[in-house]
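Each protein sequence line maps, in turn, to chains A and B. Counted from 1, the first sequence has number 404 at position 404 by this note's numbering; the numbering is strictly sequential. Counted from 1, the second sequence has number 1249 at position 249 by this note's numbering; the numbering is strictly sequential.
Calculated from the structure, these hints are not laboratory results. It should be emphasised that the depicted structure is a prediction, and the values quoted were computed from it without experimental measurement. Where a beta carbon is used, it is the ideal one built from N, C-alpha and C, also for glycine. Be a bit skeptical, because a hint or two may be false.
To give an idea of the interface, some chain B residues facing chain A are shown, with a C-beta separation under 10 angstroms as derived from the structure [to be verified]: (1) Asp1003; (2) Ser1007; (3) Gly1065; (4) Ile1069; (5) Glu1130; (6) Tyr1131; (7) Ala1142; (8) Val1146; (9) Met1252; (10) Ser1261.
Derived EDC-like pairs: lysine to aspartate or glutamate, alpha-carbon spacing no greater than 20 angstroms straight-line [unchecked claim]: (11) A:Lys49 to A:Glu343; (12) B:Lys1138 to A:Glu282; (13) A:Lys235 to B:Glu1130; (14) A:Lys230 to B:Asp1259; (15) A:Lys230 to B:Asp1003; (16) A:Lys134 to A:Glu343; (17) A:Lys263 to B:Glu1130; (18) A:Lys261 to B:Glu1130; (19) A:Lys235 to B:Glu1089.
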Amino acid sequence: MSSNSSRHAIKITRRALIGGAGGVVLASATASEFGMPYIRSAAASDPIKIGMIYAKTGAVADQAEYMAQGSLLALEARKNSLLGRQAEVIWLDEPTSQAAQQNAERLIGEHKVVGIVGGSLSPSALAISAVVKKAKLPFVAPNAGAIDLTGRLCNKYTFRLQPPADVHTRVLAPYCAGLGKKWYLITAAFAFGQDIKRSFTEFAAANGITIVGADEVPVNTADYSSFILKIRAAKPDVVVGGVPGSDISTFLKQWNELGMKGKIPFAEIAVGATDLWGVGPEAADGLFTLNWYHKNPNNPPEEQAMAASYEQKYKRPAADKAWMGWMAMNAMLDSIEAAKTTEPGAIVNALENWSVQRGGVKAGYRAFDHQMVNRLLVVGIKPKITDKWDYFDILAETPSTDREIETVFGSQAQSACKMDKL
Amino acid sequence: MFDMIVSQAVNGLVLGFLYVLIAVGLSVIFGMLGIVNFAHGAFFAIGAYLALTLSREFGWAAALGAPIITGLIGVFVEVALIRRLYGQEPLLGLILTFALALFAEAILRLVFGAAPLPFSPPRVLSGFVEYGPILITKYRIAVLVVTVFALIAFWSFLRYTPFGRIIRAGSRDAEMVGLLGINLPIALSSVFGIGCLLAGLAGMLAGPLWTVNPSMAAGAIMPAFVIVTIGGLGSYAGAIIAGVLVGVVTSMTIQFHPDWSSAAMYILMAIILLVRPRGLFGEKWERFE
């Protein structure tokens, strides 16, 4: 470099450097307040994202589809907006519980969702619950029935709509006891099925009922004929089922095929309407508990409106799973609005205070375990099915009083949940 | 207890023959083409859905067209995709057919929906037969008869027809068959089509027994692979004997240890492979070794 160039080079002193840096900071702060307000408002106008984890493939995809549709309908009813901002749903799959866990982490880390709704099956919901506990993000599980979710493994961020197996059992088991004192249990070998087996076994022991046989069946069993032969040989008064999703369709088809329909009553808790629609009118049989039914004349006006919207949009009736997805998402969205913020702790507090009136019951999440308290339906199959979407006769709606609620849902003293803090 | 064992054994035999029908197509495709067809379960599901649709539109007799249509779809797939894999790395075949399986399930879900669809046996085959401890439905007897007939017919085709001889020769030495002036590609397409036809036939028969839903392929493909492995890759007789064995073992396990019933076939496979690594009737095939 020539001496002329060095004379014309800009000399940067330490003072100039510090002064320049300070000027940049001051300019930025000023710009954010006055000079470029659109930057802040652009950040504020980023959409609010709600995560959804429902199965898109696999054996429970049909149920999950209804739940997802119900959830999306809840947001559409608010014109896809929350807190005056655009809101959107990010829907990821749950082919396995491991994938559900990974997708929950993706929703939180990548997509920055403010809450998650979903978990079609108990193993997925339990996995998601562990993730949200660590990430401190609210999560509403509409369908998982494993007791542990709001029991031993409860946490401050997880809320559950579906009553657990023991609650359903307290509702249905007395009806089964009325049919006879010899029971055969056929339950699925996963969390929910094992809870059903345990609950009914406990009820049986406390009420002088004999369990003449109990089989744990692998999920997605294609052929139940060998199990049905065993049941037939055992000659029970009632068969209590605990098989999930499309497995119940398979079981009832083969139950009918082997001439067992009408010979021995069948009962199962927490079924969905879609499970029986897949069986067909010829083979459908049994006594069930259900969370919701589109033909129930006692449904509140908002739910009837939801059912009408659903049917108009999807050209089929709203199954109970659609209501569950809708209800779970509504709870999340209502709570965000009530909290007036997307801050997780505030949403959790709002969820704990959230409730809707459903007939004589104030449906809401209990503070000590975050389990929703709600009415259940006891339904039987119509003797003659003429409408391919109308299979059920409603036999009872319970609980309907606070006392019944405590009897059916159990008290805090009976709960295994040790709720943590935010 | 003896009555129950007899009853379960007969039930297992019927179940086993349905598995045989699913597996023999897979074994044939591998034996003749050297392709491990992960999409075999998808053709099973396609056969079930076609049977359901045809029976709803035209009556149950029309459902008999489902396997033929499935076979034709198989021919199309072979010409369009599978043909490019011959002589290539075996992993490519696995990847392509696995992708095809996922694609087929997605298409079925898109067209028919995710919900299970009711599909009943024909009324003339409703009811069951009871003979001592044995209880078996008329429809399952029909499944057994149709399966046995299909297996005999296919075996006769391979053994006694000129085209069958070409297929068997091509599976041993494709190059020599080509040098003799025989149009091997047509033969190979036919083999793939026949394998898919057998899968479609199994789907048509299983549809009224199991639940027709887009993911029903999984219930077929895993037993099929286990049976083909136990029987020996490419062995027709092996697939038949292994299928019956798997059916009976599964039924017996349900009787005594029901929670082990899904694992029983894998334990059986492990035991047999320890004793005979090529399977019961597996042969040494130079072109695969």
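Query raised in the report: Quick check: which numbered hints come out false for this structure?
Result: Hints 3, 4, 6, 7, 8 and 19 contradicted; others consistent.
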